[in-house]
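Trainee: Chains B and Z supply the protein sequences, listed in that same order. Be aware that the first sequence starts at 2, since it is given in our numbering, and climbs by one per residue. Be aware that the second sequence starts at 2, since it is given in our numbering, and climbs by one per residue.
It cannot be assumed that every hint is accurate.
As the list claims (entries may be wrong) - Label pairs and their computed distance ranges (CB to CB):
#	chain 1	residue 1	chain 2	residue 2	range
1	B	Ser303	Z	Glu204	33 to 43 Å
2	Z	Ala37	B	Lys18	21 to 31 Å
3	Z	Ala37	B	Ser306	43 to 53 Å
4	Z	Gln141	B	Ala203	33 to 43 Å
5	B	Gly290	Z	Pro150	31 to 41 Å
6	B	Ala38	Z	Asp286	33 to 43 Å
7	Z	Phe55	B	Gly252	31 to 41 Å
8	Z	Glu100	B	Asp237	42 to 52 Å
9	B	Glu204	Z	Ile190	45 to 55 Å
10	B	Gly252	Z	Pro20	56 to 66 Å
11	B	Lys18	Z	Asp286	51 to 61 Å
Said to hold, decoys possible - Per the computed footprint, the stretches of chain Z lying under chain B, defined by three or more beta-carbons under 8 Å from a beta-carbon of chain B, are:
#	region
12	196-204
13	255-264
As the list claims (entries may be wrong) - Calculated from the model, a selection of chain B residues having no Cβ within reach of chain Z, i.e. all distances over 10 Å:
#	residue
14	Asp74
15	Gly125
16	Ser306
17	Ile330
None of these hints come from the bench; they were simulated from the model. We put the beta carbon where it would ideally sit given N, CA and C, even for glycine.
Here is how the chains run, residue by residue.
Number of protein chains: 2
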Amino acid sequence: MAGEFELIQRIFSGHDKAPGVSLGIGDDCALIRPSAAGELALTTDTMVEGRHFFKGTPPYYLGWRALAVNLSDLAAMGACPRYFLLSLTLPSGDQAWLEEFARGLFDLSSQAGIALVGGNMSKGELAITITAIGEVIPGQALLRSGAQPGDDLYVTGGLGCSGLHVQSGLGEIKLSPELEARACHDSFILPCRTEFAARLAAECGCRCAIDLSDGLVGDLGHIVEHSKVVASVWVDKLPLSPVLAEALSSGQVTEEQSLEHALYGGCDYELLFCLTPDRRAQLQDLAAGLKVPVSRIGRIESPRSRAAGTAGKEGSAIRLLQDDRELAIKPGFEHF
Amino acid sequence: MAGEFELIQRIFSGHDKAPGVSLGIGDDCALIRPSAAGELALTTDTMVEGRHFFKGTPPYYLGWRALAVNLSDLAAMGACPRYFLLSLTLPSGDQAWLEEFARGLFDLSSQAGIALVGGNMSKGELAITITAIGEVIPGQALLRSGAQPGDDLYVTGGLGCSGLHVQSGLGEIKLSPELEARACHDSFILPCRTEFAARLAAECGCRCAIDLSDGLVGDLGHIVEHSKVVASVWVDKLPLSPVLAEALSSGQVTEEQSLEHALYGGCDYELLFCLTPDRRAQLQDLAAGLKVPVSRIGRIESPRSRAAGTAGKEGSAIRLLQDDRELAIKPGFEHF
Chain B
2 MAGEFELIQR
12 IFSGHDKAPG
22 VSLGIGDDCA
32 LIRPSAAGEL
42 ALTTDTMVEG
52 RHFFKGTPPY
62 YLGWRALAVN
72 LSDLAAMGAC
82 PRYFLLSLTL
92 PSGDQAWLEE
102 FARGLFDLSS
112 QAGIALVGGN
122 MSKGELAITI
132 TAIGEVIPGQ
142 ALLRSGAQPG
152 DDLYVTGGLG
162 CSGLHVQSGL
172 GEIKLSPELE
182 ARACHDSFIL
192 PCRTEFAARL
202 AAECGCRCAI
212 DLSDGLVGDL
222 GHIVEHSKVV
232 ASVWVDKLPL
242 SPVLAEALSS
252 GQVTEEQSLE
262 HALYGGCDYE
272 LLFCLTPDRR
282 AQLQDLAAGL
292 KVPVSRIGRI
302 ESPRSRAAGT
312 AGKEGSAIRL
322 LQDDRELAIK
332 PGFEHF
Chain Z
2 MAGEFELIQR
12 IFSGHDKAPG
22 VSLGIGDDCA
32 LIRPSAAGEL
42 ALTTDTMVEG
52 RHFFKGTPPY
62 YLGWRALAVN
72 LSDLAAMGAC
82 PRYFLLSLTL
92 PSGDQAWLEE
102 FARGLFDLSS
112 QAGIALVGGN
122 MSKGELAITI
132 TAIGEVIPGQ
142 ALLRSGAQPG
152 DDLYVTGGLG
162 CSGLHVQSGL
172 GEIKLSPELE
182 ARACHDSFIL
192 PCRTEFAARL
202 AAECGCRCAI
212 DLSDGLVGDL
222 GHIVEHSKVV
232 ASVWVDKLPL
242 SPVLAEALSS
252 GQVTEEQSLE
262 HALYGGCDYE
272 LLFCLTPDRR
282 AQLQDLAAGL
292 KVPVSRIGRI
302 ESPRSRAAGT
312 AGKEGSAIRL
322 LQDDRELAIK
332 PGFEHF
């Protein structure tokens, strides 16, 4: 097995050249000089084998998604991706595995314009931790607390693919091999929403977003809690991911299963955001220009629009409306 | 088991108030506004159970050391600690364990003046990843490449304690219970060298340092390689850690074992640095003022002082001198 230094040098070096990087990989720390006017957004996320992905998931997929989930947090703040650090724990220094992992990682990092400036490798159960750093224009960050009564509620992309992939991987439903492979692909090769989010903040005046990691209801719960508002969601307007839509139309999942994935399925890493109705046209232009699918799925309301006593508590401040009915809320997904 | 959010909130929140933190824990990212004139130093390090520490190590020790090894990297750049992020993977949400872990972590973070601004928890094999961010005065960072022929070579503290602890934990030697407990304590409750290092840069004009993670010979190898110099180490001047010194004097380890730990034992996290001889008095004042033990252990020389062909390669550019003999070099410790 090659030494740690050579492995890191051979496979992970050379991706640390970027504006603001005064010293890349190779010393005790990287050194960066962020732009003087900027505010930095910091986030870290871990993926553990058997917990966040199934054993045997292609390493290319893992490299892509380990970075993608962190980019998703940057997008949720409207931050431009700048630098990241990688901490990789793996059972062996398998070179072919590492090269595929790195290929996935760097295919996405090149697309997103983020530089790998540091990291380390250890022996152990397969786990990947990335810390990502982005820049925000001071005062323009998208916050969970930024929703205002009267705002439209939007989501990017389609929902429920990761939930479908997990359910299929656990053997709880049986998908066709073709659909199963597509569900896996689409759950890992996530689109990057950072440019859209940064321009949403700068051009459309958006001030509120979150990324979908705990499921639509769970993450909308964070928005209503932090913003002290209530939200109505029009269930029939929820965009299903293409794979989930096909599974539904071909009878491989039921209506009920599909709705469950769209409302509560975790790890879709799409952007949920709020915007005043007078920005609808600007939003449409931005979304069309960047080819980002955007769906208007509900409305933010004042807590006074609910009977006293029911608002403020997570879940109870969300109304799921379908036709003339209001659906009951299940508790959101949590990691413990 | 309590939900992830409540656990994090209860145990890890409230340590994110610090100058420059515009948004702490609780959104998708933390937001910081570093001082405009500063350069940021970024580092990340992971500790995995069974690899970097034995199963059953007290959680207080783990919390302290997980941060300490990252502070050590900041010290090695002369950076002032500012912010850190924590990624914790653990088999269960054991509250007593988490509280002790947090107590060790925050005892050190308070002392070092570094704020926890973000993190996450996952289920899995016990592993702790911290990413730390410090500030450096631009152009004053301590670099591996900063050694100059003629410089004195110094090390802080004492060497070989972690090597002794590991050898004892593996059952390769038998220490008295009292010494075994002290070796474990001193391997985890590491001193913080960040203030010393920052002032070494600012007040003594030091430009070269590294922290000892791969052992003295291994890490000195990085300095000579990056600085394109050679180094002589006076083996009899190497400061032994108090525990190793006592193990030696009481006959619990041999001279040979002691030397092995001091030269090649990893994870001492002391500072190895170079300084021109005209700064000796200033260094002495600084070290005395901060009560940091400092030992002069060798000298940096020009590669021309070695026969052509032997310099430049790691190891061969280091001379270990004892009395009139030159000791042969073993390959340094590496993680793979």
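Trainee: Please go over all the hints and tell whether each is borne out by the structure.
Mentor: Against the structure, the hints:
1. B:Ser303 <-> Z:Glu204: 33 to 43 Å: 58 Å, violated
2. Z:Ala37 <-> B:Lys18: 21 to 31 Å: 24 Å, holds
3. Z:Ala37 <-> B:Ser306: 43 to 53 Å: Roughly 44 Å apart at Cβ, these two residues keep to the hinted range, so it holds.
4. Z:Gln141 <-> B:Ala203: 33 to 43 Å: Hint holds: Cβ distance 35 Å, inside 33 to 43 Å.
5. B:Gly290 <-> Z:Pro150: 31 to 41 Å: Between B:Gly290 and Z:Pro150, where Cβ atoms are some 58 Å apart, the hint is violated.
6. B:Ala38 <-> Z:Asp286: 33 to 43 Å: Check passed, 40 Å falls within 33 to 43 Å.
7. Z:Phe55 <-> B:Gly252: 31 to 41 Å: 54 Å, violated
8. Z:Glu100 <-> B:Asp237: 42 to 52 Å: 46 Å, holds
9. B:Glu204 <-> Z:Ile190: 45 to 55 Å: For Z:Ile190 against B:Glu204, whose Cβ atoms are near 52 Å apart, the range 45 to 55 Å holds.
10. B:Gly252 <-> Z:Pro20: 56 to 66 Å: 59 Å, holds
11. B:Lys18 <-> Z:Asp286: 51 to 61 Å: Check failed, 41 Å falls outside 51 to 61 Å.
12. 196-204: With 0 residues close enough to chain B, the hint is violated.
13. 255-264: Since 0 is below three, the answer is violated.
14. Asp74: 4 Å, violated
15. Gly125: Per Cβ check, B:Gly125 is inside 10 Å of chain Z; nearest 4 Å; violated.
16. Ser306: Correct as stated: the minimum Cβ-Cβ distance to chain Z is 25 Å, above 10 Å.
17. Ile330: Non-interface label on B:Ile330 holds, nearest chain Z Cβ at 16 Å vs cutoff 10 Å.
In this structure, the hints that do not hold are numbers 1, 5, 7, 11, 12, 13, 14, 15, in rising order.
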